[in-house]
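Chemist: Residues per chain, in single letters:
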Amino acid sequence: RARSFASRRIYRQSQRPLVQSRMPAATRKQPIRLYSKAIFLGYQRSRTNQNPNTALVKIDGVTSKEETDFYLGKRVAYVYRAKKERKDSKIRVIWGRVTRPHGNSGAVRAKFRTNLPPKAMGSRLRVMLYPSRV
Amino acid sequence: MPKKGKTTTGPRGSRNEFLSKGVERLSRSASYSRKGKWAVKNKKAVVKTVAAKPVITKTLKNGQTRVISKKTPRWYPAEDVKRPLPSRKANARPTRLRSSLTPGTVVILLAGRFRGKRAVFLKQLASGLLLVSGPYKVNGVPLRRVNQAYVIATSTKVDISGIKVDDKFNDDYFKKPKAEKKKKTEAEFFAEPEKKKPIDKARADDQKAFDAGLIKAVNAVPQLAEYLGARFTLKRSDFPHEIRF
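Chains A and B supply the protein sequences, listed in that same order. Quick note: the first sequence, position 98, residue 98 per the numbering used here, numbers continuous. Quick note: the second sequence, position 105, residue 105 per the numbering used here, numbers continuous.
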């Protein structure tokens, strides 16, 4: 069907995510981050076999095994978007916890309620500040 | 080991050691001398008091009393009767409070509606949850319960020694009333969800009354009110394991 320039523009605009700069000033709130950024490196593995039950996580700024002590037990969230709305939201979360350090350079192991999907490898994880022991 | 300056009375540990199962270190004569039995002047035998046998006293129809000894019954079940484990509810104690949490500590709320806000820790309630207040006028955090695990204690303290936290602010005060589960009729199912109820006036009044003292304590410290009004956030160069809260 013929799509006019105007109708296509309106369609494109509706697809753009609502970002701070496009929000009306009244609804603009200072975002706050209460989690550490982390990356899902991959599953626990040996050279040729991997165990998807345990995820390896690299937390930003943590470079040694001693530094990981703060993060042990903290909850981790893999946040992703889906096309279908569930419970009023297109955003979904897989929750897990940091279980133990991994290696000497600050990586950490985490176990999730359901295993992380392999497409999440290399993507952002959120290591929350709770349960807090401070 | 007996404490210095205290005379030990009653049962203490054995003065004799076991070298191995059933083999004691000291011989009979050595232990006799060690126990000091040679120094006891009164050689009368110590009479062991025998516990009285359990007894039931029954009153008969004619007013007389009859004493029956409570013997173990002749009948007992062939299979072992399972006994429920003793309930530990009586021993339940509130969660151990972290040493960094003292009344008056400014605390960062990590999750929930007020995440990132800094509030003043008042006291630990009987359930183990922490009672916290913004104060409300300063940052919108009301008198609220919060779990210790969802809180970071900062080193900033407010002097609330002059403030008395009323006993009425206990777990029951904050507990949500149990909502009755109703089976929704079809009409109710499609009806609009109920709007949020406005806040109880009594709660608002309690908050105001309590915060009056707290705000005074907060204003006594320079910039503390602004600090409590600001939210905590991690920035790019902030790594929580390096932050000294």
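Among the clues, some could well be false.
Unchecked claim - Derived lysine to aspartate or glutamate pairs resembling EDC-like cross-links, with alpha carbons at most 20 angstroms apart:
no.	chain 1	residue 1	chain 2	residue 2
1	B	Lys235	A	Glu85
2	A	Lys37	B	Asp172
3	A	Lys37	A	Glu67
4	A	Lys58	B	Glu242
5	B	Lys235	A	Asp60
6	A	Lys58	B	Asp238
7	A	Lys111	A	Asp69
8	A	Lys65	B	Glu242
9	A	Lys65	B	Asp167
10	A	Lys37	B	Asp166
Read the hints as simulated data drawn from the structure, not as lab findings. Every value quoted in this text rests on a predicted model; they were computed, and no experiment measured them.
Chemist: What hints, given by number in increasing order, does this structure fail?
Modeler: Hints 1, 2, 9, 10 are the ones this structure does not satisfy, whereas the remaining hints hold.
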